[in-house]
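Sequence order for the protein chains is F and P. As numbered in our numbering, residues 12 to 357 make up the first sequence, in order. As numbered in our numbering, residues 226 to 506 make up the second sequence, in order.
Any given hint could be a false lead.
Claimed, not checked - Lysine-lysine pairs mimicking DSS-like chemistry, simulated, CA-CA at most 25 Å apart:
1) P/500 <-> P/393
2) F/209 <-> P/289
3) F/152 <-> P/350
4) P/350 <-> F/250
5) F/166 <-> P/409
6) F/96 <-> P/393
7) F/167 <-> P/321
Just so you know, the hints here were simulated from the structure itself, not pulled from any lab data.
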Amino acid sequence: MKKIKLLVWLCTLGIMAGSLAGCGKQNAKGTSKETKEASKITITNVSYDPTRELYEAYNKIFQEHWKEKTGQEMEITQSHGGSGKQALEVANGLQADVVTLALEYDIKSIEDAGLIEKGWVDEFEHDSAPYTSTIVFLVRKGNPKNIQDWGDLVKKDVGVITPNPKTSGGARWNYLAAWAYANHTFGGDEEQIKEFMKALYHNVLVLDSGARGATTSFVENGQGDVLIAWENEAYLSIKDSEDYEIVTPSISILAQPSVAVVDEVVDERGTREAAEEYLKYLYSDEAQKIAADYYYRPSNPDILKEYSDVFNLNINLVTIEQFGGWDKAQEVHFADGGIFDEIYEE
Amino acid sequence: MKNRGKAKKARVIPGFGLSAGVTLTMLSFIVIIPLASLVIYTAQMDFHEFLHTITRARVLASFKVSFLTALAASSVNAVMGMILAWVLVRYEFPGKKIMDGMIELPFALPTAVAGIALTSLTTDKGWIGSIFAGWGIQIAYTRVGITIALIFIGIPFVVRSVQPVLEKLEPSYEEAAGVLGAGKAQIFRQVIFPEVRPALFTGFGLAFARCLGEYGSVVFIAGNKPYYTEITPLIIMSELQEYDYTSATAIALVMLAVAFLILFAMSLIQAKNSKILRGGN
Numbered sequence: 012m013k014k015i016k017l018l019v020w021l022c023t024l025g026i027m028a029g030s031l032a033g034c035g036k037q038n039a040k041g042t043s044k045e046t047k048e049a050s051k052i053t054i055t056n057v058s059y060d061p062t063r064e065l066y067e068a069y070n071k072i073f074q075e076h077w078k079e080k081t082g083q084e085m086e087i088t089q090s091h092g093g094s095g096k097q098a099l100e101v102a103n104g105l106q107a108d109v110v111t112l113a114l115e116y117d118i119k120s121i122e123d124a125g126l127i128e129k130g131w132v133d134e135f136e137h138d139s140a141p142y143t144s145t146i147v148f149l150v151r152k153g154n155p156k157n158i159q160d161w162g163d164l165v166k167k168d169v170g171v172i173t174p175n176p177k178t179s180g181g182a183r184w185n186y187l188a189a190w191a192y193a194n195h196t197f198g199g200d201e202e203q204i205k206e207f208m209k210a211l212y213h214n215v216l217v218l219d220s221g222a223r224g225a226t227t228s229f230v231e232n233g234q235g236d237v238l239i240a241w242e243n244e245a246y247l248s249i250k251d252s253e254d255y256e257i258v259t260p261s262i263s264i265l266a267q268p269s270v271a272v273v274d275e276v277v278d279e280r281g282t283r284e285a286a287e288e289y290l291k292y293l294y295s296d297e298a299q300k301i302a303a304d305y306y307y308r309p310s311n312p313d314i315l316k317e318y319s320d321v322f323n324l325n326i327n328l329v330t331i332e333q334f335g336g337w338d339k340a341q342e343v344h345f346a347d348g349g350i351f352d353e354i355y356e357e
Numbered sequence: 226m227k228n229r230g231k232a233k234k235a236r237v238i239p240g241f242g243l244s245a246g247v248t249l250t251m252l253s254f255i256v257i258i259p260l261a262s263l264v265i266y267t268a269q270m271d272f273h274e275f276l277h278t279i280t281r282a283r284v285l286a287s288f289k290v291s292f293l294t295a296l297a298a299s300s301v302n303a304v305m306g307m308i309l310a311w312v313l314v315r316y317e318f319p320g321k322k323i324m325d326g327m328i329e330l331p332f333a334l335p336t337a338v339a340g341i342a343l344t345s346l347t348t349d350k351g352w353i354g355s356i357f358a359g360w361g362i363q364i365a366y367t368r369v370g371i372t373i374a375l376i377f378i379g380i381p382f383v384v385r386s387v388q389p390v391l392e393k394l395e396p397s398y399e400e401a402a403g404v405l406g407a408g409k410a411q412i413f414r415q416v417i418f419p420e421v422r423p424a425l426f427t428g429f430g431l432a433f434a435r436c437l438g439e440y441g442s443v444v445f446i447a448g449n450k451p452y453y454t455e456i457t458p459l460i461i462m463s464e465l466q467e468y469d470y471t472s473a474t475a476i477a478l479v480m481l482a483v484a485f486l487i488l489f490a491m492s493l494i495q496a497k498n499s500k501i502l503r504g505g506n
């Protein structure tokens with residue numbers, strides 16, 4: 012019997028050792044490969060869904076730029092998904108050299124996990140947001156319900172489609188943009204603002220879990236009269252279809268998708284220089300134009316002006332600072348028991 | 226000792242000790258350790274906080290939605306799955322092999338794809354949905370829609386549990402009962418059903434547990450209206466989105482506990498049934 016017990020232990024140990032050795036081997040392999048091909052550098056950009064095409068275009072010009080500058084080939088791996096989910100994965104150890112996410116708050120969560128050093132927001136110009144966007148309305152051709160501004164969304168027979176701000180980082184901008192309008196209209200009277208928000212979300216037919224789902228509900232499944240959407244996504248929706256129009260409200264919010272270098276990863280992999288250059292080059296004229304081509308508003312005001320036939324520049328854009336920053340906005344509006352929960356309480 | 230040694234020789238897989246060791250190791254790597262981490266995360270909150278987290282009105286409403294729709298879907302599946310299995314075992318018809326293979330397709334399809342496809346079919350603009358919309362019934366974005374998605378993903382569990390039992394059940398028993406004067410209903414109640422019941426319970430329990438945790442296919446069809454069509458997995462996802470892992474794991478733990486209780490109850494019923502079948506009391 013003792014022999015058998017010993018065998019069992021050995022077997023258990025064997026499995027454990029085997030799996031550990033497996034991990035070790037992989038690591039060793041990775042580093043030897045790196046030293047062998049020192050002339051080639053690889054960085055990973057963890058981003059969110061709507062930037063896929065933008066970064067595919069940007070990576071091409073950046074690879075050329077990097078080769079010109081250092082003579083080195085660069086390979087760039089992209090990863091896309093929901094912004095919050097992506098942040099969670101990086102915080103849990105997904106090896107990202109740079110993150111380019113939808114919300115400052117998402118990058119802050121990686122900072123909280125100890126992977127990004129404090130002060131990253133000031134590392135690059137314009138609060139580390141090389142391009143911005145805003146929240147607009149997508150309505151059906153001819154605008155049958157005559158929707159011009161946020162006030163029209165609370166009318167009785169209007170069906171609204173917007174994702175759930177609790178599960179979609181991007182949807183928080185939608186909510187805050189509506190709040191900014193109500194705040195302006197009711198002169199800061201919180202009771203009235205809440206009533207407005209309640210009426211607005213009462214008109215929401217489908218509260219999808221993400222922005223892409225909301226677009227599907229509106230475009231593919233024909234639900235609702237108006238989709239509250241990011242400007243860049245709205246433009247992509249109308250690009251190959253003539254059934255929709257974009258309506259720009261009088262007030263909206265300046266959505267700043269943030270970018271940051273993941274300090275811990277770049278220091279370990281020795282890619283800091285490349286990663287920093289990758290983000291810095293997003294501010295170059297060439298890259299700013301690519302951003303505009305993919306309907307993100309360039310942060311360079313001169314280039315933004317060049318695209319004034321695309322973007323409505325008369326819109327009044329409030330910033331997240333007017334909500335006291337992301338932490339405050341998160342705590343007041345979206346945390347458990349926050350105002351968004353209140354809106355749905357009966 | 227000697228006897229045991231002899232018995233051991235007859236076994237195909239070596240020694241109980243070794244088998245048990247391997248089983249335990251694999252079980253802990255694959256099931257126990259990941260689940261224990263849930264408990265550990267949850268243990269970061271004290272009991273009062275835990276209670277508060279899982280009894281918030283919105284969470285309770287989501288439990289209600291999740292449990293009711295899962296129950297409805299797996300009940301429908303128990304009946305439909307039984308009929309499907311019966312047809313597949315007892316009748317010969319062209320295309321039977323293909324139909325048999327199709328039963329498992331819901332397993333293979335990414336659930337999100339299933340959800341999107343079902344939604345576009347059942348909205349008031351969709352193929353099936355537009356017919357029902359004519360009668361004033363809305364399917365997508367209601368609990369009915371959720372139930373339909375859950376029926377879709379749960380059906381293979383029942384069919385595949387019942388099928389082998391029916392295959393083993395010889396038609397001669399039914400014939401014998403018929404000769405002895407039993408009516409059709411009586412044959413089903415007293416000959417077929419008792420044999421199939423344990424398997425049916427297993428299938429029902431598996432489908433129910435799966436439905437409780439289903440996220441991918443449901444979020445698209447549910448509409449996710451708080452208090453009305455918000456399922457518990459969505460609440461868990463939104464807690465994760467807020468980086469509130471402890472709340473998320475606390476709610477998940479409640480779901481797991483209930484699922485475990487149901488599966489456990491099912492296996493108790495099954496054990497009792499098979500005891501009766503073997504001639505015990």
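Handout entry: Structure versus earlier hints - violations, ascending order
Key = Hint check: 5, 6 and 7 fail, others pass.
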